[in-house]
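Novice: Chains as they are written, first to last, in the numbering used here: chain H, 1 to 349; chain W, 1 to 229.
Treat the hints with care, since some could be wrong.
Calculated lysine-lysine pairs in the DSBU-like style (CA-CA distance at most 30 Å, straight line) [said to hold, decoys possible]:
1) H:K176 x W:K70
2) W:K94 x W:K178
3) W:K145 x H:K289
4) H:K289 x H:K12
5) W:K18 x W:K94
6) H:K109 x H:K193
7) W:K178 x W:K189
8) H:K270 x H:K331
9) W:K94 x H:K44
10) H:K176 x H:K115
11) W:K174 x H:K104
12) W:K70 x H:K217
13) H:K217 x H:K44
14) W:K46 x H:K104
15) H:K24 x H:K12
16) H:K302 x H:K44
17) H:K270 x W:K70
18) H:K193 x H:K104
19) H:K338 x H:K289
20) W:K70 x W:K94
21) W:K46 x W:K70
22) H:K24 x H:K104
23) H:K289 x W:K70
24) W:K17 x W:K46
25) W:K189 x W:K154
26) H:K24 x H:K193
27) H:K193 x H:K123
28) W:K46 x H:K289
29) H:K289 x W:K189
30) W:K189 x W:K174
31) H:K302 x H:K289
32) H:K289 x W:K18
33) W:K174 x W:K70
Computed beta-carbon distance windows for the label pairs [as the list claims (entries may be wrong)]:
34) W:S153 x H:Y48: 35 to 45 Å
35) W:E212 x H:I69: 26 to 36 Å
36) H:V254 x W:E212: 23 to 33 Å
37) H:K44 x W:E91: 51 to 61 Å
38) H:Q197 x W:S153: 51 to 61 Å
39) W:S153 x H:P225: 53 to 63 Å
40) H:S57 x W:D146: 36 to 46 Å
FYI, nobody ran anything at the bench for these hints, they're computed from the structure.
Values in this document were obtained by computation on a predicted structure and should not be read as measured data.
All C-beta atoms, glycine included, are put in the ideal place defined by N, C-alpha and C.
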Amino acid sequence: MRMESGLRSTPKRRFLSGLFGGRKGDRISVANPTSIVSVELMEKTGVYFPEAHLDPSKMSELAAGGYEILGFDSIMPEFSVQQEAEALGCIVDWGSPTMMPDAKTHPAKEVDQLKIPENLLEKPSIQVVLRALEILRRNHGDHAALIGKVMGPWTLSYHLAGVQDFLLWTLIDPDKVRGFLDRLKEVTITFAKAQLQAGADVVVIADHATGDLVSPKTYQDFLLPVHQELNQRIGGPTILHLCGNCSDRLRLFVEAHFDAYHFEWQVEAKMAVQVVNHEMSLIGNIANKNVLFGGTPEDVYKQARYSIEAGVDILAPECAVPLQTPLANLKAIVEAAKEGYVAQGFSPD
Amino acid sequence: MGKTANESIKKVNLHMKKEEVESFYRALRDTNLATMETLLREYIGKRVSPIIILNEGMIGAMGIIGQEFKASQIWVPEVLLAARNMNRGIEILKPELLREKSPSKGTFVIGTVEGDIHDIGKNLVTMMMTGAGYEVIDLGIDVPKDRFLEVISKEQPDIVGLSALLTTTMLKMKGVIKAIRQSVSNPPKIIVGGAPVTQTFADEIEADGYAEDAVRAVELANRLLSKGG
Numbered sequence: 001m002r003m004e005s006g007l008r009s010t011p012k013r014r015f016l017s018g019l020f021g022g023r024k025g026d027r028i029s030v031a032n033p034t035s036i037v038s039v040e041l042m043e044k045t046g047v048y049f050p051e052a053h054l055d056p057s058k059m060s061e062l063a064a065g066g067y068e069i070l071g072f073d074s075i076m077p078e079f080s081v082q083q084e085a086e087a088l089g090c091i092v093d094w095g096s097p098t099m100m101p102d103a104k105t106h107p108a109k110e111v112d113q114l115k116i117p118e119n120l121l122e123k124p125s126i127q128v129v130l131r132a133l134e135i136l137r138r139n140h141g142d143h144a145a146l147i148g149k150v151m152g153p154w155t156l157s158y159h160l161a162g163v164q165d166f167l168l169w170t171l172i173d174p175d176k177v178r179g180f181l182d183r184l185k186e187v188t189i190t191f192a193k194a195q196l197q198a199g200a201d202v203v204v205i206a207d208h209a210t211g212d213l214v215s216p217k218t219y220q221d222f223l224l225p226v227h228q229e230l231n232q233r234i235g236g237p238t239i240l241h242l243c244g245n246c247s248d249r250l251r252l253f254v255e256a257h258f259d260a261y262h263f264e265w266q267v268e269a270k271m272a273v274q275v276v277n278h279e280m281s282l283i284g285n286i287a288n289k290n291v292l293f294g295g296t297p298e299d300v301y302k303q304a305r306y307s308i309e310a311g312v313d314i315l316a317p318e319c320a321v322p323l324q325t326p327l328a329n330l331k332a333i334v335e336a337a338k339e340g341y342v343a344q345g346f347s348p349d
Numbered sequence: 001m002g003k004t005a006n007e008s009i010k011k012v013n014l015h016m017k018k019e020e021v022e023s024f025y026r027a028l029r030d031t032n033l034a035t036m037e038t039l040l041r042e043y044i045g046k047r048v049s050p051i052i053i054l055n056e057g058m059i060g061a062m063g064i065i066g067q068e069f070k071a072s073q074i075w076v077p078e079v080l081l082a083a084r085n086m087n088r089g090i091e092i093l094k095p096e097l098l099r100e101k102s103p104s105k106g107t108f109v110i111g112t113v114e115g116d117i118h119d120i121g122k123n124l125v126t127m128m129m130t131g132a133g134y135e136v137i138d139l140g141i142d143v144p145k146d147r148f149l150e151v152i153s154k155e156q157p158d159i160v161g162l163s164a165l166l167t168t169t170m171l172k173m174k175g176v177i178k179a180i181r182q183s184v185s186n187p188p189k190i191i192v193g194g195a196p197v198t199q200t201f202a203d204e205i206e207a208d209g210y211a212e213d214a215v216r217a218v219e220l221a222n223r224l225l226s227k228g229g
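Could you put together the complete structure from these sequences and hints?
Specialist: Here it is, written out as structure tokens:
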């Protein structure tokens with residue numbers, strides 16, 4: 001292990017330093033802005049889906065497994081993208097150990113059909129996350145980084161209106177899209193503030209205007225001003241999670257004033273580091289499908305080393321990992337990080 | 001040489017002019033449905049064969065949309081809009097087409113496998129395949145194996161598409177493929193797709209093909225059935 005500077009590396013310090021692009025210390029931080037729960041992790045912790053989505057102590061126990069068993073620096077308890085959906089009136093199928101939850105109904109086709117409950121934070125599926133964060137803060141908050149997660153108004157619109165309808169509206173009824181975003185951003189802000197108050201060090205804002213679905217211009221026209229407002233009003237640190245190939249819009253995320261962007265392998269890490277120019281941290285970007293899920297620990301190691309040497313600020317899987325991801329592959333990320341910033345005998349090419 | 005020139009003249013007569021295909025392209029991109037309706041009424045009024053309108057105009061224009069999507073010049077909302085306009089166009093054209101039967105390129109059965117309720121990718125494939133001239137039977141989402149078998153025995157499709165968005169449900173594809181081949185005497189070609197699916201996985205479960213996106217799915221189907229365009 002090489003010491004590059006004087007920073008004594010603990011998981012929380014490493015993570016926070018990476019989040020704000022600060023002192024590098026002895027090695028890169030490994031974190032999970034999105035879920036790293038796998039069936040094997042459920043077996044190791046004895047806590048399973050779907051109970052872990054619905055019970056705060058189970059949620060916190062399973063989430064802590066990523067820190068205690070895998071050696072990640074962070075703990076992130078919101079595994080699915082559906083906690084808000086149920087509170088907003090969607091019927092959610094909470095799934096099974098091998099199936100992530102999914103919203104079965106999309107109850108709002110007009111802005112005035114959006115029902116945002118006044119007691120949003122008291123709704124059971126919201127409470128569970130806040131309580132889990134409180135438990136985690138008490139048990140691990142001194143040492144591990146605690147990551148909260150909220151859905152942005154674009155993702156909430158998918159849940160409430162359905163993806164296809166909402167995407168089509170961007171062309172045929174842009175005012176309706178703006179109306180949805182304007183109402184639903186209040187949910188994002190309220191929940192994010194509550195998570196920070198419950199003990200999260202940072203909140204991930206997951207807003208799936210993904211690179212594969214919409215253009216940079218769509219992001220710029222509809223979401224950029226909303227994201228700027230979110231970051232202003234939430235106050236605490238934020239990470240943007242927005243998947244797909246977003247190589248063509250990285251500067252827009254900088255303009256939105258996120259502290260960090262959680263990105264996919266499709267976005268070339270060296271290019272991203274250059275384009276973002278330390279104005280925002282980069283978290284990522286080990287490929288799920290072919291590497292973490294379908295590859296070997298050696299494949300994971302190679303990609304992890306590539307990302308580290310490209311200058312990514314925090315190492316992480318590119319997105320929520322598939323539930324059948326082998327534990328050995330997740331551990332291989334941490335192993336690669338432990339070798340420090342320059343690994344002996346490794347050439348990224 | 002002379003013969004080729006004659007042939008190409010004949011072809012020009014059969015085909016719509018480039019500007020005409022472009023007017024269909026503009027109608028597919030227009031947020032106003034009336035543009036497509038007006039254009040079609042104009043062509044039907046001019047007594048242009050509905051098969052030419054469909055194949056040359058609408059499918060030709062949808063081909064441009066597909067290429068633009070593949071090249072990341074347009075995105076999913078534009079494809080959804082084109083599909084909406086295309087569907088409205090086919091509705092208007094249907095009575096005309098029934099009078100003058102258009103040869104279909106083949107029958108395609110598609111569905112998202114059991115336990116999986118994701119349908120955006122599947123719907124894009126449905127739209128692109130319809131646009132390419134296939135008769136598409138879309139079984140929807142969460143389709144059990146037996147439902148696939150029932151429809152395949154009844155409709156005798158040329159090709160079947162299985163879709164899955166989850167790493168858990170994609171594992172179901174193997175059983176469906178096996179069951180189709182075991183229980184159908186003249187089994188159709190079977191293609192698979194969806195976010196977690198890879199070529200390697202498709203080979204492993206012995207699918208006839210894998211396509212990364214909806215445009216490539218059409219190309220794959222054409223290739224498997226040896227139909228051009």
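Novice: So, against the hints stated earlier in the document, which numbers end up violated here?
Specialist: 2, 9, 13, 14, 21, 22, 28 and 32
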